[in-house]
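Could you fit the two chains together into a complex? Lean on the hints.
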Amino acid sequence: MADIKLKGITRRWNDFIGVDNLNLDIADREFLVLLGPSGCGKSTTMRMIAGLEEVSSGEIWLGERMVNNLEPKDRDISMVFQSYGLYPTMSVYENIRFPLRIRKVPASEHKERVLRAAEMVELTQFLDRRPAALSGGQRQRVALARAIVRAPNAFLMDEPLSNLDAKLRVSTRAQIANLHHELKTTTVYVTHDQVEAMTLADRVVVMKNGIAQQIAPPMDIYNKPANTFVASFIGAPAMNLIEGHLEAGTFTSPVLTVSGLPHRHSGPVTLGFRAEDVAVVSEGGNLAAPVYSVERLGDSTMFAIRAKDDLISLKADKAASLAIGDVVRAAVTAKVSHIFDGTTGQRIEPLLIPA
Amino acid sequence: MTSSPARPNYTLTLIATAFVLFWMVVAGFPFLWTTWGSFKVEADFFSRADWSNALSGVNTIRQTGDAFTMDGYKGAWILNDFWRAGLNTMLVTVVVTVLSLVLGTLGGYALARSGYRYAFWILILALVFRAMPHITLVSGYLVPFFQLNIWGTLPTAIIVLVAINQPFTLWMLHSFFLSIPKDLDESAMVDGCTRFQAFREVIVPVMWPGIITTGLFSFLLAYNDFAVTAMLLRQENQTMIPKIASFLGSIESEGNVMFAVSSVVSATVPLFILVMFFQRQIVGGLTAGAVKG
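Note that the protein sequences, when read in sequence, are chains A and B. Under the UniProt record's numbering, the first residue of the first sequence carries the number 1, and numbering increases by one thereafter. Under the UniProt record's numbering, the first residue of the second sequence carries the number 1, and numbering increases by one thereafter.
Don't read these hints as lab results, they were simulated from the structure. Incorrect hints may appear among the rest.
Computed list of lysine to aspartate or glutamate pairs in EDC-like fashion (alpha-carbon distance at most 16 Å, straight line) [said to hold, decoys possible]:
no.	chain 1	residue 1	chain 2	residue 2
1	B	Lys182	A	Glu53
2	A	Lys315	A	Asp341
3	A	Lys7	A	Glu94
4	A	Lys104	A	Glu119
5	A	Lys224	A	Asp277
6	A	Lys104	B	Glu201
Just chain B, same shape as in the assembly (with noise of 0.2 Å):
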């Protein structure tokens, strides 16, 4: 048959397309009305009179005098420390990060090589303990942390988020490497490498994109985590996540919900940031082709 360019379906198209504009409103539309709602004041955005004092801010207007009030940010912010939640968040999201990649590039880059077969059975394990729900291991730690007295500390939330996330970060970084040529490391090895330069100097320039991908998923597990962190810090060296929903759990007085839904709001854009920044990187695959012809 001879190739003919397909004629355009104007019907499917149409249809694609509401359907795709449908389904980014359907994913996009809790964030951009929590965002909202984040400047407003309660009685606004939780109102059971009307909901469309959500978007007109009737309530926010009679109580502040302008239709975005930066109440809810303000008391979460500056009234409720949500700052130290913040910085307890990044701390312990770039300290998990980097141990986990560290541990999970050399392992994973031994286990990739490694020509025994007990290394096979190791990642299964692994696979074991990743399939495992988290709180079951946080509740077993509970007792022991208590007696050395380490419980509450942010190194003993790291040890434990960095022990949770290490096999998910040996399972993808030795696949990752198991897809780069051992003629790579042996070559750098004939050419005056030792096992350990070779890694440095060679392999891991081309893991660059597999490395920021599995980062970017420590990243988020220890940034999103609540069973660990909720379990095992005291509530000064509470993370954000902890800290929101304990913003949710006392709505006695009015305005605290406001408090999470502004710290939610808060707690979401460096993700977004970061994604966007990384996009690049964990799409690409910069090694494609360079290897062999």
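Okay, chain A solo, but in the shape it has when bound (with noise of 0.2 Å):
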């Protein structure tokens, strides 16, 4: 067990830079959850992490040592891929004992601790089978048990859930929290999907072009996204964002005007707010537009409404009835907003207001 550090590393090839000085503590311990869209070198920050890429430039410290130059057998660490990775010539025993077999672990112990890993997975049962002959969400358990059979440094998962289906997520999703809560070993965790990142992170970077655009826990990063792409990168549905302009606490803009704000600043913004922080009222309000379409969940109604390009989505209770084409009227209030600056997107905190 051991931190991880990274200090400014950067992977540049020729000159397209894949990841841009990249600074993170992770704290022995962690679940560190890497997310951001495809492409944003979040999975090749991993894959410098394990050694299996290249570090252009800065230092990877795996506790107290330098790891730029060590082959990946010698960072100590265990990795979960996407794609599973699993031996096809071996069997489900032989792929878990891999590991220890070939890191030289007294074969006595082999047994013992090959079938204490299929145990914590539930695969106890198919310890004869090739992987062939397992399921999608049996092969990623068994790709688990590999790496949670020795006791890493670290453990790395690239994508672990993406090939599987949604309800074998959900539960894979609980058992890898379940496995980091019982063995506590450093994790960091790569995924775009950001259900994941919020249920299973004790942080999370979202990364965007290689560049990290906010490391904070979960809820920080719900509550107090550090800019617009964060904002609408986290959360279902993405937070509502509308471009307007910033003047004496009032936001204004074609569709919406939002007075009382705390901030002071004037200028073009960008206002935002959540679908589930504001009401959808039958009289009033200040955002009044036409339905365009309407998405039933169950337990709540979605409502979409055109604001120039981009679709605003509000959330009312599952008994609302309006149709498409019908006027929807919402009430967005100061408290609810985020404001980020309309150039750079980055947010742009509210004045304390002495209690």
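In structure tokens, the structure reads:
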């Protein structure tokens, strides 16, 4: 077990920058999630930690060791791959045992440790099978068991749930959360799914174009997104963003006017609010537009309206009975509004009003 | 449209079956005919008077007292040392196959996993060498081999055959390696393997069907080679194919042609056994579906 420090690591391919000057301290036992759209450098970051990708500049520290020049095998980490990476010619038992055999763990311990790992991921009855005879979820559990069979410095998981169907994803996610709770091993987890990030992480790193946009616990990222990219990436549905103008605490745009904002800033801004923070009202309200689409989710109903090019989603209770074309009204208050700079997209903090 | 099972078209089935049978006879007949004929004497098998002599064996009965004779085999194997040629062939083919595979798997793996562009150009270069007629290489080798005094020995022929065969094994194994996902190497390396251990412990076991297929083709190349072995081997070191050719080349005494016929049959039988034995591996895709869901 160890902490991981990334000191200004950069990965370049000729003139393309995959990861740009990333600084990150991952505490011992922390569950850190790298989140971002494809091509944002999150997998590259993980592969650099694993030693599968060269570091162009910067340093990677695992515990007390600078590991830049160490082979993957000498870094003492375990990795779970998106495509599982199971050895097709070996049985499940042999697959899980492989790291022990290769690392010359005394043979007398093998059986016990393999069985314990298999038990943790509920694979005991499949030990004799070949990977080809397993379902996707079972294969991924074999990969997990192979990772936990020894006690490495850290676990690296590269989109481990991406190849599973929706239902399996939920149960395997729970299994991973439970494993981390049991084993308390430092874990770096790569995903493009914000739900996985929110549910699993102690801290989330939101990345875009090789640059970390925000590094914070999930709730902080949800409550205080650092910029419009993070705001639009986190939450389901994503935060609604409306471009407009802020002057003396009043936000004006063609579709929406919000006053009483505690921001001392003037100029072009983007106002953001989450669908779940805003109440759909029958009378009044400061946002009114014809319904563009209706999505009934069972526990609630989502209305989408059009604001210039973007869709704005609003959440109403399940009894709401508006149809497409009807006018929906909502009250967006200053309290639920997030303000971002209109040009840089960076969050503008409200002034703290003394209580 | 609702799917109804296609009604069997009897005429078409008949024509297809007839064609396949015809084709099998055309393809198999020369070998069967040769096998049959190898148990006759020259006067029957190469009879100018009546081709049916080869079937009835009139002269064979007159000369040996029986419709079938082992004279051709006896002459070739015992009197003319065909067994030595057989041993030489065995030695050459086994060594060529093993060397080709060792170099080919290592090189093919390196090229398949290399991120550099020159890997591609090495393969193109290999293709160019593969396209050259073998005899062009051999004629270039002759003089240096004489000067170095290594002409005529088996190791020399083996080296040349490996060199000629290598482009093919490289290509073939390279594409087999490409079909194995990189994730396998990487997970092996994270699990504690060096690059070479990952190759040996994880990649090679998955590669067996590819290695066996490539090995079989290497084997056939060495086994069937004429250009290299005829030019580079001394009489006593000759392998089977040039030996057969030399039987055919000396027809002044009766019966020599029959030595050739019987040795041709002898040389073909091992190939049949080999292909039968490995047919499953040649066709089989052992890894299908094992890596990804």
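Hint-by-hint comparison with the structure:
Note on lysine 182/B and glutamate 53/A: the hinted pairing holds, with a Cα-Cα distance of about 13 Å set against a maximum of 16 Å. Restraint check: the Cα-Cα separation between lysine 315/A and aspartate 341/A comes to about 26 Å, which exceeds 16 Å; the hinted pair is violated. Proposed proximity of lysine 7/A and glutamate 94/A is contradicted: the alpha carbons are some 37 Å apart, above 16 Å. Among the hinted pairs, lysine 104/A with glutamate 119/A is inconsistent with the structure: their alpha-carbon atoms are about 22 Å apart, more than 16 Å.
For the suggested pair lysine 224/A and aspartate 277/A, the alpha carbons sit about 14 Å apart, so the restraint of at most 16 Å is met. Only pairs whose Cα atoms come within 16 Å are accepted, and lysine 104/A paired with glutamate 201/B is accepted, the gap being roughly 14 Å.
Of the numbered hints listed earlier, those contradicted by the structure are 2, 3, 4.
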